[in-house]
Amino acid sequence: MHFLNARIATRSLAATGVAALLAACSGGTSLSPTTNALVRANLLAASGRSLPPGRHAVGGGWISAAAKSGSHVIYSGSYDDSTITIYPSKGINPPPIGTITTGLTDPERLFVDKNLELYTTDEGSPTSIVVYKPGKTSPSLTITNGVNYPTGIAVGADGTVYCANTGNTTVTEYPKGKTAPSLTVSLGNETPENLAVDGSNNLYIQYVGGSLGSGVIEVPPGKTSGTDLNLVIGSASALSVDKAGNIVIIDQGDSSLDVFPAGKTTPSKTLALGG
Amino acid sequence: MSMNKAEKQVYVSNDIGTSFEIQVVDYPRLKRVNAKINPTLGEWPLAVAPDNVL
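Chains F and X, in that order, give the protein sequences. Once you know that position 175 of the first sequence is 175 in this note's numbering, the rest is easy, because the numbers rise by one and skip nothing. Once you know that position 1 of the second sequence is 1 in this note's numbering, the rest is easy, because the numbers rise by one and skip nothing.
Bear in mind the hints are in silico, worked out from the structure with no lab data behind them. Treat the hints with care, since some could be wrong.
[Stated by the list, open to error] Within a straight-line C-alpha distance of at most 30 Å, the following computed DSS-like cross-link-like pairs (lysine-lysine) qualify: (1) F:Lys133 / F:Lys176; (2) F:Lys68 / F:Lys114; (3) X:Lys5 / F:Lys269; (4) F:Lys243 / X:Lys5; (5) X:Lys8 / F:Lys136; (6) F:Lys243 / F:Lys114; (7) F:Lys90 / X:Lys8; (8) X:Lys5 / F:Lys223; (9) F:Lys90 / F:Lys68; (10) F:Lys264 / F:Lys223; (11) F:Lys178 / F:Lys114; (12) X:Lys31 / F:Lys178.
A quick note: this is a predicted structure, and the numbers were derived from the prediction, not measured.
Model the full assembly from the supplied sequences, consistent with the hints where possible.
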């Protein structure tokens, strides 16, 4: 919980800085981050001076021809600026090739499924899951039912959507295209933060809190409870699972990336990330 | 963090003090390649998602 509080406090400070900057630029009139993003996108579109050929404003964002297919792109979410920025996956420090603002208030985590649809959790009001088809800047689906201050999100190979809800320490599951949860995993004292799903639809929940402070719980498909994997890790954060069942996880305690072989509680490989 | 479909790269959004950067790590060798993207101060890249994540 301390981790969450620290994160929220940092966000609040950052948001204050953005608001102050906006106030200075607009003669004392403070705009919300969402309003600012929309105004900026519309001004850019109106002037045409800052948008390279092929870019055009769409629903409060813009997208280039290179980003239309949704292929070979990287999405980066900005909680404070209410945007998702799209970058090409090639090159170092490439300029953006699009932004998404419509449907966003406080975007949290992102996920791209096998159909290249983009999913984001949003902690705005109401808290939600927002889905975008590739190349689109307006949502194709918004889910609020069962969503409670969400963070991690993952989509299984069958299209099932999994959402980590910090507000009530649950993970809700939604069949593909549905807006009501079909299953809810309740964690109790652990707060779910990040999610991953393997090829057999086993769900991996990275949590904070509980008796271990942080860790990973594996939940078989269709079940509402799982088993703590008792991974030896300082402060678990983002995670992924490869086809061999190795769990790749960020340890915020020492800024490292650790690989845990299936069934093992200690990492076989570690990489210091810095930062 | 996101792993690409080929499971050859892991993308990591990393807090480097004044801002965040998106790093790329060769997988499974765990060799850090480069800072891929260094967003403007004030951004909050909470996650990255390359195509074909699954």
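(request) Could you grab the alpha-carbon distance between F:Lys68 and F:Lys114 and see if it respects the 30 Å cut-off? (result) 16 Å, holds
(message) Need the status of pair F:Lys243, X:Lys5: alpha-carbon distance at most 30 Å?
(response) Judged against 30 Å, a Cα distance of about 10 Å means the pair holds.
(message) Need the status of pair X:Lys8, F:Lys136: alpha-carbon distance at most 30 Å?
(response) Roughly 28 Å separates the two Cα atoms, so the pair holds.
(request) Below or equal to 30 Å on CA atoms is what counts here, so check F:Lys178 against F:Lys114. (result) Holds, at about 17 Å.
(request) For the pair supplied as a hint, X:Lys5 and F:Lys223, confirm whether the alpha-carbon distance does not exceed 30 Å. (result) 26 Å, holds
(message) Would the hint linking F:Lys243 and F:Lys114 be met if the CA-CA limit is 30 Å?
(response) 15 Å, holds
(message) Check whether the Cα positions of X:Lys31 and F:Lys178 lie no farther apart than 30 Å.
(response) 40 Å, violated
(message) Checking one constraint from the list: CA of F:Lys264 to CA of F:Lys223, max 30 Å. Satisfied?
(response) 22 Å, holds
(message) Holds or violated: X:Lys5 and F:Lys269, Cα atoms, limit 30 Å.
(response) Holds, at about 20 Å.
(request) With a cut-off of 30 Å on the C-alpha distance, tell me whether F:Lys133 and F:Lys176 pass. (result) 14 Å, holds
(message) So if I understand the rule, the pair passes when the alpha-carbon distance is 30 Å or less; does F:Lys90 with F:Lys68 pass?
(response) Holds: F:Lys90 and F:Lys68 sit about 16 Å apart, inside 30 Å.
(request) Decide if the proposed pair is consistent with the structure: F:Lys90 and X:Lys8, CA atoms, cutoff 30 Å inclusive. (result) Holds - the C-alpha atoms of X:Lys8 and F:Lys90 are around 15 Å apart, at most 30 Å.
In this structure, the one hint that does not hold is number 12.
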